[in-house]
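**Student:** Next come the chains, spelled out residue by residue.
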Amino acid sequence: MTMTTLLTTTKRGILSLSAVLVAITFFSANAQLRAQSPPQPQPWQQIPIANLPAFHPPQPKRIELPNGMVIFLQEDHELPIIDGSARIRGGDRSVPANKTGLTDIYGEVWRTGGTKSQTGDQLDDYLEQRAAKVETGGGFDSTTISWSCLKEDFDDVFRVFQDVLKNPEFRAEKIAIAQKGMYDGIARRNDDASQIASREAAKLVYGANNPLARDAEYATVAAVTRQDLVEWHGNYVHPNNIILGVVGDFDSAKMEARLREAFASWPRGEAAASPAINPDPVKPGYYQVEKTDVNQSQIQMLALGITRKNPDYFALSVFNEAFGGGFSSRLFNDIRTTKGLAYGVGGGVGAGWDHPGMLRLMVSTKSKTTIESIQALDEEIADLARRPINDDEIKRAKDAILNSFVFRFDSPDKILQEKMAYEFYGYPLDFLETFQQKIETVTKEDVARVAAKYLHRNQMSVLVVGNAPDFDKPLSSLGAVTKLDITIPAPPQGIVPEQGDHP
Amino acid sequence: MKSRFISVRTIVACFVLCALAFAQDLASFEKRTTVKKLANGLTIIICERPEAPVFSFFTHVDAGSVQDPMGKTGLAHMFEHMAFKGTDTIGTRDYAGEKVALAKVEAAYAAYIAERDKPVDRDEKKLAQLEQSWKDAIADADKFSAPYNNEFGKIVESEGGEGMNAFTDYDETGYHYSFPINRLELWAYLESERFLHPVMRQFYKERNVVMEERRMRTDSDPMGRLIEQFTEEAFAAHPYHRPTIGWISDLNSFSATDAQNFFDKYYVPSNMVITVVGDVKASEAMPIVEKYFSRIPARPKPDTATTTEPPQNSERTVVLHEQSQPIYLEGYHRPDYRSPDDQVYDAIADLMSSGRTSRLYRALVRDKQIASDAEGFTGYPGNKYPQLFAFYAAPLPGHKPQEIGDAIHAEIDRLKKEDISDEELRMIKTRAKATLIRSLGSNEGLAFALGLNQSRYDDWRELFRSVDRIEKLTKADIRRVANQTFNPENRTVGIIEFAGGPPPGMPAAPQGGGQ
Numbered sequence: 080m081t082m083t084t085l086l087t088t089t090k091r092g093i094l095s096l097s098a099v100l101v102a103i104t105f106f107s108a109n110a111q112l113r114a115q116s117p118p119q120p121q122p123w124q125q126i127p128i129a130n131l132p133a134f135h136p137p138q139p140k141r142i143e144l145p146n147g148m149v150i151f152l153q154e155d156h157e158l159p160i161i162d163g164s165a166r167i168r169g170g171d172r173s174v175p176a177n178k179t180g181l182t183d184i185y186g187e188v189w190r191t192g193g194t195k196s197q198t199g200d201q202l203d204d205y206l207e208q209r210a211a212k213v214e215t216g217g218g219f220d221s222t223t224i225s226w227s228c229l230k231e232d233f234d235d236v237f238r239v240f241q242d243v244l245k246n247p248e249f250r251a252e253k254i255a256i257a258q259k260g261m262y263d264g265i266a267r268r269n270d271d272a273s274q275i276a277s278r279e280a281a282k283l284v285y286g287a288n289n290p291l292a293r294d295a296e297y298a299t300v301a302a303v304t305r306q307d308l309v310e311w312h313g314n315y316v317h318p319n320n321i322i323l324g325v326v327g328d329f330d331s332a333k334m335e336a337r338l339r340e341a342f343a344s345w346p347r348g349e350a351a352a353s354p355a356i357n358p359d360p361v362k363p364g365y366y367q368v369e370k371t372d373v374n375q376s377q378i379q380m381l382a383l384g385i386t387r388k389n390p391d392y393f394a395l396s397v398f399n400e401a402f403g404g405g406f407s408s409r410l411f412n413d414i415r416t417t418k419g420l421a422y423g424v425g426g427g428v429g430a431g432w433d434h435p436g437m438l439r440l441m442v443s444t445k446s447k448t449t450i451e452s453i454q455a456l457d458e459e460i461a462d463l464a465r466r467p468i469n470d471d472e473i474k475r476a477k478d479a480i481l482n483s484f485v486f487r488f489d490s491p492d493k494i495l496q497e498k499m500a501y502e503f504y505g506y507p508l509d510f511l512e513t514f515q516q517k518i519e520t521v522t523k524e525d526v527a528r529v530a531a532k533y534l535h536r537n538q539m540s541v542l543v544v545g546n547a548p549d550f551d552k553p554l555s556s557l558g559a560v561t562k563l564d565i566t567i568p569a570p571p572q573g574i575v576p577e578q579g580d581h582p
Numbered sequence: 051m052k053s054r055f056i057s058v059r060t061i062v063a064c065f066v067l068c069a070l071a072f073a074q075d076l077a078s079f080e081k082r083t084t085v086k087k088l089a090n091g092l093t094i095i096i097c098e099r100p101e102a103p104v105f106s107f108f109t110h111v112d113a114g115s116v117q118d119p120m121g122k123t124g125l126a127h128m129f130e131h132m133a134f135k136g137t138d139t140i141g142t143r144d145y146a147g148e149k150v151a152l153a154k155v156e157a158a159y160a161a162y163i164a165e166r167d168k169p170v171d172r173d174e175k176k177l178a179q180l181e182q183s184w185k186d187a188i189a190d191a192d193k194f195s196a197p198y199n200n201e202f203g204k205i206v207e208s209e210g211g212e213g214m215n216a217f218t219d220y221d222e223t224g225y226h227y228s229f230p231i232n233r234l235e236l237w238a239y240l241e242s243e244r245f246l247h248p249v250m251r252q253f254y255k256e257r258n259v260v261m262e263e264r265r266m267r268t269d270s271d272p273m274g275r276l277i278e279q280f281t282e283e284a285f286a287a288h289p290y291h292r293p294t295i296g297w298i299s300d301l302n303s304f305s306a307t308d309a310q311n312f313f314d315k316y317y318v319p320s321n322m323v324i325t326v327v328g329d330v331k332a333s334e335a336m337p338i339v340e341k342y343f344s345r346i347p348a349r350p351k352p353d354t355a356t357t358t359e360p361p362q363n364s365e366r367t368v369v370l371h372e373q374s375q376p377i378y379l380e381g382y383h384r385p386d387y388r389s390p391d392d393q394v395y396d397a398i399a400d401l402m403s404s405g406r407t408s409r410l411y412r413a414l415v416r417d418k419q420i421a422s423d424a425e426g427f428t429g430y431p432g433n434k435y436p437q438l439f440a441f442y443a444a445p446l447p448g449h450k451p452q453e454i455g456d457a458i459h460a461e462i463d464r465l466k467k468e469d470i471s472d473e474e475l476r477m478i479k480t481r482a483k484a485t486l487i488r489s490l491g492s493n494e495g496l497a498f499a500l501g502l503n504q505s506r507y508d509d510w511r512e513l514f515r516s517v518d519r520i521e522k523l524t525k526a527d528i529r530r531v532a533n534q535t536f537n538p539e540n541r542t543v544g545i546i547e548f549a550g551g552p553p554p555g556m557p558a559a560p561q562g563g564g565q
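Residue numbers (my numbering), protein chains in the order written: chain A, 80 to 582; chain B, 51 to 565.
Incorrect hints may appear among the rest.
[What the hints assert, rightly or not] Dumping the calculated DSS-like pairs for lysine-lysine here, alpha-carbon to alpha-carbon at most 30 Å:
(1) Lys193(B) <-> Lys418(A)
(2) Lys149(B) <-> Lys176(B)
(3) Lys212(A) <-> Lys525(B)
(4) Lys315(B) <-> Lys351(B)
Calculated from the structure, these hints are not laboratory results.
The shape of chain A in the complex, shown without the other chains (with noise of 0.2 Å):
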């Protein structure tokens, strides 16, 4: 929880951005479609639309340079800023289980650990000055290093950028502190309903001990040494690791000699392994997890997903466009309109980029109608066979994503972004222009053939977060149930505290 969150909890608003989480959105030069609505033609439907203006944004420059670090070069001559963000190979999927959190504790220490000439503390001084950041952060696949700056302090900042890149200190004393940091949130972990949702979610998908899944724990994070971390970042940072990515107000030709001159004498090393992610789902079912202090259910039903690659992710795109995704979908106007059961309520079928996506329906409901809830969506999904997606409702997807798509690249930060992740799990650079036509040629047998293909209602496993004695029914009247231990194993002697709040 931070001020921010703090903050928005005293605004309510028509949606929750959690429910919407599949609903991928994308655009149409053709100004031709239009929605079908109602009975005669309405007035809305007599404005003229003209076609959109030709729009060829700029796209970023690649450079390769001779040791592999791969370059991107975004001008953006709006605002008096330069920002850039180095992706690194390599993350939690490579830490071994009994050290989990390693990336995560690496990902704060890299920056705040200094150094070798200077301080963390220092550089936030000098940095703070300049109302500048370098930042640093760990995750599933790679690790990142980034910068934001107003264009006269490019210098001064990219200096310390490269300095943190190349020559790390990892302090102990911020180890330490990045260490109880994850103690808290390990402790904070079953404070919130969603939360545990999500989290159980992705065991019961990949499996408890898949690295998509299992968790930190006191044991596994007070295993990490600063020995780690020098090592972590002796394996994996190597320019044929790295692709940076920089945007702003600057020259490219200027800023291209500018990064050669900085990188281009760096040698290569080794190239990080990207190990397979081989998910282990559990068999389908119903998982509960008892949470006494709710007055609402969080309810997912969840199996494998896709991975982008796959032919059938446009065909999938407006499935859940069309099925989950948002004011026209069959789950908002059943389950939240016309029932009244859910303000959250969404989901489709989840594509990654080089693993398997997770498929999950979720809603949200008043512990008394957390069965009726579970029926709601077991309807819905059979109604896919007895009454496919129609043809209205899948002129209205393909719609929203067409005419919707010139939001994927409105903005030059969004095209470098784009191209990086394409650069970083190797697809192709134009991949995001063949996607439209891709969706257009999506017909209705195509979306009832991957419905048909991928929502079995009795291969998913259904979760359940929730006080139980207030259910409608017993969870198990709909089928066996297992429970969920959630404990939270003990921390080993002497890394928290035992007095206080803690019994």
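Use these hints to put chain B onto chain A, whose structure you have.
**Tutor:** The following block gives chain B in isolation, referenced to the frame of chain A:
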């Protein structure tokens, strides 16, 4: 200066450059921003930002949950949900018939509520009949709209709308999304229709949706429960003490007629600012926007008088004993956004909270190592009326909320007794400018900021002037304001205490961990 990197010269140089860049931006915004007040009182702002063939808009309605009538908390937010239910032409099979059916729903609901809320002699059999009649009337009315559920949102989505959403807070209600630029006229039609002919259809089902929203954000979230109790305690008289989402009994009582009345009273053109930012030319776009929005009839500006919160004069505390880990929160009353000291509070928030150089991070997270996160912020729970400057921290395992309070108070004492350093003052001023510059690069962000400033100050330029005021503030201002604000009798404390694990039958909380 701690770091050997820094020379005074580079700081001065930075300053001059920042100031130049900033001035250019203000000048460029003067050139590309057009404001027009229509005859009906509505304010339109158009800001040209031709970066991509898209635009964003933000409709700012100067009424929020502070305006909820007594016994009808949550009504402003409820109306916000209803603004997605369509109009007399969007979302209905036959509005003439639907109108009659909706009137029957209201009559049946009024009869049901009258019996339900009888203090004595309630007739349960009659009540059941009345409830059934009400539900039957709803079913009849739904026949007109059910096939066109969410038609308004469907049109926006299928036409390429991006980020469609809305919010209600204490001070205002906002509506927003983005469209490809060739839908400007379609947007002007849809958004004006929405506030010209809203229809309170499917109200009672949507009320159930809002109750689920309350369960999600407040009832089922320990932090939500703390914030509700804390805010209620901090404000005795001003409507800021009531939850925006509404008390459950009020949600179970108010009617579609109430929502319509709220709309009629507060959604008047003189109470609204519409801001459009994107690939538009004001000379072409303004006539289109004006054509559609000038159709909204002028109505009198509502009376928005509220009780002024009296001085607190005594420390207040709420403690929640929960299954969850401890949280510490405290707030001090401060004047509203028009206060000449408004930017001094912004500066204090920045000094205490921004990044790893902030005083709270350094004291509580880095040095004492008793919290995982600690921040101070202003504008809680709103800023239009006298409000709170609040502090928040999450104690690390093994540390009590009271320890956190003591550490925060030590930092407050420092603020009251010692001037902040030259470096800190410079950081505050530089950061204010840089933050403003960074905020100017998105249609959505600009539409929100320009509209909000226009609504609050009747001049969007205040967005830039607030940074000028920060530039002028002194160390003495910070000490003075800290001394006048951060005093125990002006304080409300909200705490979550860990009360032990869940009841028997549940896994026990582990040593040092916690369930």
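**Student:** Next step is simple, just say for each hint if it's right about the structure.
**Tutor:** Cross-check of the supplied hints:
1. Restraint check for Lys193(B) and Lys418(A): satisfied, since their Cα atoms lie roughly 14 Å apart, inside the 30 Å limit.
2. A hinted pair counts as satisfied when its Cα atoms are at most 30 Å apart, and Lys149(B) with Lys176(B) qualifies at roughly 27 Å.
3. With a CA separation close to 25 Å, the supplied pair Lys212(A) and Lys525(B) stays within the 30 Å bound.
4. Using a Cα cut-off of 30 Å, the hinted pair Lys315(B) and Lys351(B) holds, with the two alpha carbons roughly 8 Å apart.
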